[in-house]
Amino acid sequence: MADMKIGAYVCQGCGLGERLDTKALAQVAQKEGKAHIVREHEFLCNAQGVAMIQKDIDEEGVNRVVIGACSRRAKAEAFHFPTVAVSRVNLREQVIWSQPATDEARELTQEMAEDYMRMGCAEAKKVVAPTPNAAVGTNKRILVVGGGVTGMTAALEAARAGYDVLLVEKTAALGGVMAKLFKRVPFREPYSDPQPTGVEDLVAAVTNEPRITVFLHATTTRTSGAPGQFSVDITTESGQTQTENVGAIVMASGFTPYDASRLPELGYGKSPNVVDQSGLEALALAAAAKGEPMRRPSDGREIKSVVFVQCAGQRDASGTHLRYCSGHCCNTSMKQAMYFKDQNPDIDTVVLFTDLRTPGNGEDFYRSAQKKGVTFTKGKVSGVEAAGDGSAVVKFHDLILDEPAATMAGVDLVVLATGQVPNSGVNIDIPADATDVDDKPVEHAVSVLNLTYRQGPDVPQLKYGFTDSHFICFPYETRRTGIYTAGPVRRPMDIAQAMDDATGAALKAIQEVENAALGRAAHPRSGDLSFPTFRREGCTQCKRCTVECPFGAIDEDEQRYPQFNEGRCRRCGTCMGACPVRVISFENYSIDSVGSQIKAVDVPDEFSEKPRILLLACENDAYPALDMAGVNRRVSSAFVRTIPVRCLGSVNTIWITDALNSGYDGVMLMGCKHGDEYQCHFVKGSELAAYRMSKIDDTLKNLNLEADRVRNLEVAITDMERVPQLINDYAAKIQEIGMSPFKGF
Amino acid sequence: MSDLNTTMVNEYRSNFLKEVEANVEEGRWVKMCMQCGVCSGSCPLGPAWEHPPQEIFMMIRAGKRDEVLKSESMWMCTSCYNCIVRCPRELPITHIMHGLANYAHRLGLAPKMNPTRRFAKIFWDNIVKSGRVNEIELSLRLYFMDGFKNGVEKAWSMKDIGLGMLKARRLNPLGFVTHKGCKDTKGIHRMLKKAREIEDRRKGFAA
Chain W
5 MADMKIGAYV CQGCGLGERL DTKALAQVAQ KEGKAHIVRE HEFLCNAQGV AMIQKDIDEE
65 GVNRVVIGAC SRRAKAEAFH FPTVAVSRVN LREQVIWSQP ATDEARELTQ EMAEDYMRMG
125 CAEAKKVVAP TPNAAVGTNK RILVVGGGVT GMTAALEAAR AGYDVLLVEK TAALGGVMAK
185 LFKRVPFREP YSDPQPTGVE DLVAAVTNEP RITVFLHATT TRTSGAPGQF SVDITTESGQ
245 TQTENVGAIV MASGFTPYDA SRLPELGYGK SPNVVDQSGL EALALAAAAK GEPMRRPSDG
305 REIKSVVFVQ CAGQRDASGT HLRYCSGHCC NTSMKQAMYF KDQNPDIDTV VLFTDLRTPG
365 NGEDFYRSAQ KKGVTFTKGK VSGVEAAGDG SAVVKFHDLI LDEPAATMAG VDLVVLATGQ
425 VPNSGVNIDI PADATDVDDK PVEHAVSVLN LTYRQGPDVP QLKYGFTDSH FICFPYETRR
485 TGIYTAGPVR RPMDIAQAMD DATGAALKAI QEVENAALGR AAHPRSGDLS FPTFRREGCT
545 QCKRCTVECP FGAIDEDEQR YPQFNEGRCR RCGTCMGACP VRVISFENYS IDSVGSQIKA
605 VDVPDEFSEK PRILLLACEN DAYPALDMAG VNRRVSSAFV RTIPVRCLGS VNTIWITDAL
665 NSGYDGVMLM GCKHGDEYQC HFVKGSELAA YRMSKIDDTL KNLNLEADRV RNLEVAITDM
725 ERVPQLINDY AAKIQEIGMS PFKGF
Chain G
35 MSDLNTTMVN EYRSNFLKEV EANVEEGRWV KMCMQCGVCS GSCPLGPAWE HPPQEIFMMI
95 RAGKRDEVLK SESMWMCTSC YNCIVRCPRE LPITHIMHGL ANYAHRLGLA PKMNPTRRFA
155 KIFWDNIVKS GRVNEIELSL RLYFMDGFKN GVEKAWSMKD IGLGMLKARR LNPLGFVTHK
215 GCKDTKGIHR MLKKAREIED RRKGFAA
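In the order they appear, the protein sequences are chains W and G.
The numbering of the first sequence is the numbering used here, which starts it at 5 and goes up by one.
The numbering of the second sequence is the numbering used here, which starts it at 35 and goes up by one.
Don't take each hint at face value.
BS3-like, lysine-lysine: derived pairs with alpha carbons at most 27 Å apart [stated by the list, open to error]:
id, chain 1, residue 1, chain 2, residue 2
1, W, Lys27, W, Lys614
2, G, Lys52, W, Lys376
3, G, Lys237, W, Lys376
4, W, Lys27, W, Lys184
Just a few of them, taken from the derived set where beta-carbon distance is under 8 Å, the chain G residues facing chain W [what the hints assert, rightly or not]:
id, residue
5, Lys65
6, Met66
7, Gln69
8, Ala96
9, Arg235
Note that these hints are calculated values from the structure, not bench results.
The structure presented is a predicted model; accordingly, all values stated were derived computationally and were not measured.
For glycine and all other residues, C-beta sits at the position ideal for the given N, C-alpha and C.
Let the hints inform the model, and build the full structure from the sequences given.
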């Protein structure tokens, strides 16, 4: 845009007119902000006010709009001018509502408002309305990896919504684990009896669906590209490879049962009469095929007594086995006990549990099992030993009767409820050449997707090897845009949950192919058209952006420059915060757009007793919390100037150095919680920020400043009571350490 | 041990749960206990029970026949019904406790000197005799069940209450002689005999 024409508008509604001298604000915008058109309006967000702005855009050629009214989080529909850059000045929530409505406070409140007007005009000069990316991918086919119940459901859901699907299955047939079950846990009223799995119908539906192309005996051997334009090599067992283009990927690679041979104390491997849950399904299927009751594997004798051992190698705090609960096993054991009870009520079936967990309507199923005479005993199994006659003795600690050495003798079959281990592929957080404590190379899993991404061949894992991400901030999402994991690879689950999960992932994939075709960002900056670009001449090829991008969006080209894949980008700006030479920017968010706001603030001299504190607040949680504090009229220091940032990860240390150099007395950063229980909407942003800020002490030392001049804080969106307190505490701290010596330079 | 006990041991062998289901009032509910422990926690006498209800249910399932039937625990129940009200699985716990106590008594396994059992027996004999409770006789039998000296001491300690009840005409000192039974004592006896027969037949107490 060649001619920059700023229109600045000051609203007088919502008490702004009474509390502030809007005329003075308009003058600030005109004289200091260099706005070409300046208008006050008594009710800016009404139709008349909006029409006034639109008229200036249409007739006066205004291409930067500065709106001094409420928070950018309010009235977004009214102040929606897609053709121009809009800069919102938050005079309501974070000025008049966060300051006392007294005459004494009037002067400071007005100063605050004037600073924010200056900042708004400064920002407006540095941003333009983003133009959509030209390199969008418009492929809307969906690739589903894995032909189990999750994969088949995802494929069917996507196909029935009108999208073409490629379904890749490693084995010779569709069905996965579901095809190896005798029956499934009931999934609708009355939740009382095991139900047929229905796998044949599902396979038939997938096979007969014209929109689905099935590849059996096939794996994905190479995946490159971005949403809307993935290129995938599908290799069959015979070695033939074909390359297909898809728009999004659903990864439903399922689980492997935990290796029960690692539980020798429970008799697995020592006696054929100790099986895991999948082993029992095999026995049940074989018996049903013959039309006979199930028999003891060791000698073919009819089974009279079965013990189910729950949490075998699961929920293990020692860390030797799985630490987590797989969720489905209690219901599964009840179902398997019913295999026996439904056939012959005289067969003794005992479920030995420590905590019985029956999610969903499993409580009804539990009751049904009790009615059928399945005995439930609370106890921790310590060992399974063979008796002479082929039967087993189960030793356990009875937790209700508190008998440490309780036993159950004459048991014909012991079933171990081992857990689900996700088929997540390679853990990209472990270097390829890593070694374990004994200096042996770590064995890596076989990759599922074989991504050509710089950060590694598979989707990042969250915890215990599951490819989940934060369940509140990123439902169904992974840290690879356009790739959605579903089913037990995401978290432990049963068939019913996997089918729900598959539907969710299919919808996410559809959403993404549609977004990608328009060049729009996915969650959480949904619909954002901006994307990062970099100034090639300035780049030093340090690779920090490619390494730190939480979404693996940046590869390297042949000349080792960063190669941005806009489709994969979530627009958090972590690359911008990382870049030491500051060459990365967005059209509407850059080092300059924030930096010029910092410099626009009027910093009074050392003797004024008016310190200035810069607050960089994450727009996802901290900024809404500040707004909410204002809505609830919580008073906070009038010396703070807040700038919302996309994520603390986008905070470049130059902003902090600049602020301190130009006389600010302190800098606060407010971002989301990081670490194991992270709440960062971009997963790694606040963590990276904390890491970078831990290094800022050196900078402060060089400037001869106190370490307290910079404070990094974790806040949540619910912290509306705490946030003003944090601000006031910090303002008091600044008062204590005194004014910055850098004023007036 | 009674013949009935031997019969039951032979009939159910190790499956005590089945025996309870067949012979104990509301016994079919025992398998539905989910071991949450709310009953034990709700019982006002809970700390005094050797095995609170939750444990009793678990012991039944674990086949601890003698330990359950010879236990004093279920005799502790005062029928306050707190456990029934609170049980999330809606087990009629009070009834099961009485059922177990009754069953243990029938088998001759109940602790001989358990005061609740003895009082229950005195009460039953008293009411059956005439079809109506003879209050003065009942209280005196209760006081003197542990011997004459004990009885005098107990009666003495209760004398104020007794006198108060006399004044309020709640206690008839001549009850021994003036007590009137119900109109058709024989009819009552016939009815009870029949009921016992039906119960025995249903539960297989053919002895």
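Evaluation of the provided hints:
no.: 1; hint: W/Lys27 / W/Lys614; verdict: holds (23 Å)
no.: 2; hint: G/Lys52 / W/Lys376; verdict: holds (12 Å)
no.: 3; hint: G/Lys237 / W/Lys376; verdict: holds (21 Å)
no.: 4; hint: W/Lys27 / W/Lys184; verdict: violated (76 Å)
no.: 5; hint: Lys65; verdict: holds (5 Å)
no.: 6; hint: Met66; verdict: holds (5 Å)
no.: 7; hint: Gln69; verdict: holds (5 Å)
no.: 8; hint: Ala96; verdict: holds (7 Å)
no.: 9; hint: Arg235; verdict: violated (24 Å)
Consistency with the previously given hints fails for numbers 4, 9, ordered from lowest to highest.
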